[in-house]
Each structure stands twice: as C-alpha cells, then as structure tokens.
Amino acid sequence: MTAAAASAAVLDPGNSSKNTLKLENTEKRDTLIAIEKKYQAQWKDNKVFEVDAPSLSEIPAGSMTGAELREKHPKFFGTMAYPYMNGTLHAGHSFTASKVEFMTGVARMEGKRALFPLGFHCTGMPIKACADKLADEVKKFGQNFEGYKEEGEEETQAAPTQEVKAEQQEKFSGKKSKAAAKTVKMKYQFQIMLAIGLPLEEIHKFADASHWLQHFPPLAIRDLDSLGARVDWRRQFVTTDANPYYDAFVRWQMNRLHELGKIQYGNRYTIYSPKDGQPCMDHDRTEGEGIGPQEYTAMKLKVKEWAPKVAELVKGKIEDDASVYFVPATLRPETMYGQTCCFLGPKIEYGIFKVKEKEYFVATKRAAWNMAFQGIFFDSEHFPKTQDQLPLVVEAPGSAFVGTLVNAPLSFHTEGVRILPMDGVSASKGTGVVTSVPSDSPDDYATLMDLAKKSEYYGIQKEWAELEIHPLIDTPTYGNLTAPTLVKQLKINSPKDVNQLAQAKELAYGEAFYKGTMLVGEFKGQPVSAVKDKIRKALYDSGDAFAFADPMGKVVSRSGDDCVVAYLGQWFLNYGENDSKWQKDTLNHVVNTLNTYSNETKNGFEKNLDWLNRWACARTYGLGSKLPWDPQFLVESLSDSTVYMAYYTIAHLLHGDRYGETTGSLGVKAEQMTDEVWDYVFTRRELSDDLVSKSGISKESLQQLRREFEYWYPLDVRVSGKDLIQNHLTFFLYIHVALFPSEYWPRGVRANGHLLLNGDKMSKSTGNFLTLKDSVEKFGADATRIAFADAGDGIEDANFEETVANSNILRLFTLKEWIEEVVKDESLRTGPADSFWDRLFNNELNNLVHEAIKNYQE
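All residue numbers for the sequence shown refer to UniProt numbering, where the first residue is 1 and numbers rise by one.
Take these hints with a grain of salt, some might be off.
Result set (DMTMM-like, lysine to aspartate or glutamate): computed pairs, CA atoms no more than 25 Å apart in a straight line [said to hold, decoys possible]:
#1 K347 <-> E466
#2 K133 <-> E287
#3 K37 <-> E27
#4 K491 <-> D541
#5 K453 <-> D497
#6 K275 <-> D388
#7 K488 <-> D450
#8 K37 <-> D544
#9 K38 <-> D782
#10 K496 <-> E506
#11 K699 <-> E68
Here are the computed distance ranges between Cβ atoms for each label pair [what the hints assert, rightly or not]:
#12 F513 <-> E287: 29 to 39 Å
#13 Q387 <-> P628: 53 to 63 Å
#14 A502 <-> P628: 45 to 55 Å
#15 W611 <-> E312: 17 to 27 Å
#16 K496 <-> K139: 49 to 59 Å
#17 E796 <-> Q387: 40 to 50 Å
#18 G111 <-> F513: 55 to 65 Å
#19 P527 <-> K607: 35 to 45 Å
#20 W611 <-> H754: 19 to 29 Å
#21 E796 <-> D774: 31 to 41 Å
#22 E796 <-> G553: 20 to 30 Å
None of these hints come from the bench; they were simulated from the model. All of these numbers come straight from a predicted model, not from anything done at the bench. All C-beta atoms, glycine included, are put in the ideal place defined by N, C-alpha and C.
Please work from the sequences and hints to get the whole structure.
And the structure:
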C-alpha cells in the first residue's frame, strides 16, 4: 500500500489468524459509493440490462434461421452456476460472477446484445436438512431458544429482556470476546443462523423450508446490484416445484432422457446416508465431495481353531458346527495364492456378526454397518435404522484373536495360516481385517520381518510369521518377489518407515498390474491385468469371497451423518456406460468445438468423461421436482440443473416473478407448458395446428418463445468453479448433447480457481471471510471490481487482496478529481479534434480496445 493511502487502514486481528483490513478514514470511499449508487439506480430505472431477441419488426420479410438471426444481430449469452439459497453471496460466488460480468460488459461495448441472467438454486437436501434441524431445536428450546443453555449454565427462568436478548445473540453465535468465542461450539443450526447475521427473533421462521426461498433471493439481488452487475433480473426463478413453470421444464427434461434410455433403473453401489434414508450425492455433503464407493474382494477365511482367549468368549454363543469367517477386504485378488497370515489391529475392537443360520463374519463394527446396506445381513428392502440393530454376537479387541488358525482360500499353505497383530491396520478403511501376502505387499513383508524378530514381544510363536513365501507374479523390474526386493532397495527397516513403504506399495502395484505375469494358478502365464477380474469372479463363484464396498474416504451428509456404501435399486443417469456414442459425441465436442480457455480445463473434462459412468439421479428427501414416472422420488439436485440455461432464454415470457405466481407477458399458464410445447420451443419438433389446439397457446406466442431460444442459444460461456468439472460441468455437456441439436451445444466453459482472501483460504471459523455485501460496503463497487479483476484469471487459485481494493479507492478518487478539474478548465481548446496528436491518441485507444477484446476472447 502506498504512503498516500486511500483511506487510513489498520490490520484488524478480530477472530482471524490472517488479519483482515479495517478502514478508519472513509471519506473518499463514501464519496465514490454515493456516485455508484446514483448511477446504479439510473440503470435500474432505465432497465439498461434487460435485453431481448430481435422483434419481428427487426427481421426482414420472410423467415430467418437462428444462425442468420444471430449473424445479423450479434449476441453474447453467458451464465454462472446459480448460487444455492442457504445464505448470502460470499466473495467466491462474486468472483465467479465477475468473470461473466466482465465478459458481458465487453460484449455490450462491442455493440452486441449481451445477456447475463441468474436464477436461485433451492433443490436438494441442504435447505430441507437445515429447516428440519431448526424445527427440532424450536421444539426443544422454544421459538426464541430461551431454553438453550451451555454446559454448566442454569436453565432460563423468565422471558428475556432486550438486554438479555443482545447477550444471547452474542453467546449463541460465538460473537464474544476473542478468548470467550473459542469456548463456544456452534453445534446447533440456530447458532449458525445467528452467525450469518439473522436476528434471533426471526430464526424460527426458517424451520419452514419455503421461508428460505423467500428470504435469500432478494438478498442476492441486492448484493449483485450493489456491485453494478449487468444482470437481467426479469429472467430469475427459484428451482423446485415452488415454481410450476420450472417444474414443468424439469419434468420435460427427465421424461425425454428416460425415453432416450439415458435414465435407467438398477442395483448399484452408491454413497448412502442411513439417517436420511437415501443416496448422498456431492451437493448433499458437508465433507467428502467427489468421494465414491470402492469395491473390494472380501475373502472368507474360515476359522479352524480359536485362540484361547476368544474360545472362551464364543463358548455358548456360537454353535459348535457353525462356520465363522474372518473377512479381509483386498484390492488384489490375484495375489491370494501367497497368503501366509491374516492381520488384525491389536487395539481395534472387532465383532463376530451373524450373517445367516450357522454362518458368522469377523470384522469391525464400521465394516458391518456398511455390509448391512449391501444385502449381507439384511435384504435391500429392510435397511437398519441404527447400529444397535446389527446382529452382533461377540465383541473383543484384535489382540484376543491373535493365534487363531484359519483356512486361506487359494493359499499354498493349505494347513492354514494364523491371525497375527499389525499396528498399522486402519479401523476406518475396509473391514479392519488384512490378509497378508509378503511376496507382493511391502507392508506385509516388513511387518512379518518385525514380528519374526520380536516374536516374544508380540506374544506369538516365531514360526507363525515365518511361513514360506512363494513367488506369484513375475515382473521385469523387481523379479518374482516384488515386495522383498523393494524393501531391500528402499532400505526399509521396519513397519515404521511409512514414507518408504507408501512409495514401495505404489511401485509394487503399478509394476505388477501393468507389467506382471502370473506364475501360479489357473491363469498361469497370463498378464495380471487380463486375469484380475477372472480370479475375482472365480472366488465369488466358489463361495470363497464376496463383493464388499466402502467409501473411498470419509463422507458426511448435510444432516451430520457418517455415510456408508449401499447396494440398492435406484434411478440413475447412465453416463458413459453402455452408451459409447453418447460419451464419444460429448468427448468430440470437448476436443473439437468447446472453448475451455485453458488446457487444464480441457484435460479435466477428458479425464472425467473417461471415468464417469452411472450417477444416481433421484432421492426421497429434500426439495425439488418429482420424478414424473415414479413420483415417490425427487430429481437429484445435480441432475435437475444441467440445461436450465435454456430456460433463461424464455423465463421472462412465461412468468412475471421468480415463483411463477404471475404469468409473463405471453399470458401462458404453467399447465400449458406440456412436454410437446417444450419440444417445439427447443427445436426438437415443428409447429402444428394440433400443438396449438392442444396447448391452448397461440401460434404467435409459440413462435416468439422459439425465436428467443434460437437467438440466445447456443450458450457462449458457462463460468463455474473448477471443482464442478468433476460433476456439474460434465453433466451440463452430456445432457446438452443428449437433448439438443448440435447447433445448440455449449460453446465455452471457463473454470476459475478458488478465491483466497489476503493470501489465505477463506474460513468463517478464522474470521478470514468476506461476503459480497461486506466487500462492497467496505471498498465500494468499483474498487471491489478492480480487486476481482486483479485477483487472477486462470484455473489456478486467485487471491483477493484487501490492500489492492483499498489502494483502488485512492486511484479512483484521484481520477474523479482530475476529471472535475479538467471539465471546469476554460482554457482548453475547442473545435474539431483532428490534429496529429488527436489522431495518435485515438490510435492508442483503439489499440487498447483491440487488445482488451482479444484478451477477453482468450
């Protein structure tokens, strides 16, 4: 920051680990804001950002195609991912909006009709889950939460005074002194609502999910207008069936995808919330976005002889002739020929669970909870409600099982192998049971060497850890005993050398899978990559293993539930799977037509298109539109928001408010918007007298709806955060390719990075956080816009520097004063501005304009 600061500024530590800027002398800023507000009001009064397709009077006699219309009347149509209405807009939303906003401004200055519309996303779980939490809290504490008390605090005895209410507002939201705030845990939804600035006496209203749809959209409009955003607000809408026009649009979309075979029904693994009783997709999560199910081969290692400790525990609880299996989960079924033992975590609690009559599994409770949703303990129609319903017979630490003799299917050691201790076993991954293959697993080999060396310390017999290691897979780099070779090469001395072991594991798996050849078994002499699935299938067919799935990482739903993997019947969009033409058409569009503005974005699409397949597109809980042919389900929130950009083109003609409570300029009712009408509007069929008579919509109105779509489409650019490439943005491309003629497929996707604040991640908990409202109030619209422009343009993370925004105030104020002085200067020459210096000046400006347009195009 320069010495001549725009406004005196000091660092405000507040509740933040990264200090934010506090402005003290704000006279210059306030002067600039007054000018901004004056002209923003004029723009709104004059409706300068409301823009329509050419009217019939602007079209020459005779029909024009959409392409001819766009050529005669150039246009720009840009959108961003509509913000979710569970709060106000933060600076990250605003940064994405600024990219569309700047491009819209350039297009306007080029003389194009430039459209930037925005709707409000309300479907899915978050709003409903928060509203339900609040409803429970109102029941528990009362409408104004007078019954809430912190631990050790007396119950409230009387209705609070205004002073007490103010104290409650601070206490409940954590907005106390810096030291005191650390002791407040915002575990209740009403505390979160207080923390975002809602008055205590208003919060009970949000127990009704519909209130969120009424409260937050006007605030988003307020904040974007304060930035001077060039948004055509006539085209706004809320999602869900709260708007019957948008609901009809979503039903059309799903019906057509269903008819095309893109939506199917079947059983599959999916991340699932037991508490919510439905799949938990990316936008339903507070933790674990992008994490999917991992399928394992769960081996069945039958107990031949119990260790003494556990033999006592099972006596009388498990039939003598019952079959009990340890069930290690492996990703490498091709190595099961080399099993020499089975590891348990000695300090981890394990359960023996009854699977069916006289059959039991040994695993962690967490693994059993996953199994309960995969048809292993219960059928898929009767999922348990709580873990107490698991068929647990015996529970004991892993140490109690050590020494148990089990049969390991496929193993050379047909006499059996022992259960041994391994401190590195994870209780939060797989089944907590790990079968050992020291020939090909560096972790296993290092652990066995340690166990053999310190057998007395571990309380085992040395020979249990010294069974013969058989070669299984031949590799060109590491020979036929990959794990021992890598342990020696990387100088791994014990299981505690975790970094070297992680490296060894990666090298071992990659070498074996891509270059390895089987030395044993039914498929001897064949490549590992070709036989892995065949060996897995053979194990399933023989009954020596079964399929088991686990989340690839921790996933927490919006309702605070730890998610599992369920195997259940559901409606899913069949992205990429068994429909190679759909996938290839989308990929070709990305490679040959789509402007991605960066190679990273293009590569992200290519990678995701190669990986993505089935996606659950229906749920039973939340807000949204009902699945037309199966109304017990709602359309999932990432599946009803794929082609709504087309809806923007005609929204203002259909309804006069965001809820569709009033009709638009054409007087069309929501029930008149049948699937056949949408087909005509979106150029999927031609106009007929039958369509006019059945819909009751005049021919002229139908033609106007279609002309708006044909003019504004295709979408010129879609701007979203880079994290949406893996889901929303790929879906957006897929569904456009499925539903629209190729002329109307999207032309550009610009993915931006996350926005840092003062060089650090934005976080409400640290105080390093800025809403759009805060930013504009703090620096003014223009200084904020310049700071957004300065923050960064690519896919890498950008940085909003408050010192930059503050210094912009001085520059703008200095420019304002200079202009005012020049305008008053009566000594300036008059007459034509055609001297050499005038022409030179014009030439310089024209060069700058040319460069600016070129850079915005790129």
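These are the hints, each one checked on the structure:
1. K347 <-> E466: Between K347 and E466 the Cα gap is close to 23 Å, so the pair holds against 25 Å.
2. K133 <-> E287: Holds: K133 and E287 sit about 18 Å apart, inside 25 Å.
3. K37 <-> E27: The given pair, whose Cα atoms are some 15 Å apart, holds under the 25 Å limit.
4. K491 <-> D541: 41 Å, violated
5. K453 <-> D497: Since the Cα atoms of K453 and D497 sit roughly 16 Å apart, the hinted pair holds (cutoff 25 Å).
6. K275 <-> D388: Roughly 14 Å between the alpha carbons, so the hint for K275 and D388 holds.
7. K488 <-> D450: 14 Å, holds
8. K37 <-> D544: 74 Å, violated
9. K38 <-> D782: 13 Å, holds
10. K496 <-> E506: Distance ~17 Å between K496 and E506 Cα, so the pair holds.
11. K699 <-> E68: Distance ~22 Å between K699 and E68 Cα, so the pair holds.
12. F513 <-> E287: 29 to 39 Å: 31 Å, holds
13. Q387 <-> P628: 53 to 63 Å: Between Q387 and P628, where Cβ atoms are some 37 Å apart, the hint is violated.
14. A502 <-> P628: 45 to 55 Å: 49 Å, holds
15. W611 <-> E312: 17 to 27 Å: 50 Å, violated
16. K496 <-> K139: 49 to 59 Å: 52 Å, holds
17. E796 <-> Q387: 40 to 50 Å: 43 Å, holds
18. G111 <-> F513: 55 to 65 Å: Given a distance of about 58 Å, which is inside 55 to 65 Å, the answer is holds.
19. P527 <-> K607: 35 to 45 Å: 25 Å, violated
20. W611 <-> H754: 19 to 29 Å: 22 Å, holds
21. E796 <-> D774: 31 to 41 Å: 25 Å, violated
22. E796 <-> G553: 20 to 30 Å: Since E796 and G553 have Cβ atoms about 24 Å apart, the given range 20 to 30 Å holds.
Hint violations for this structure: numbers 4, 8, 13, 15, 19, 21, all remaining hints satisfied.
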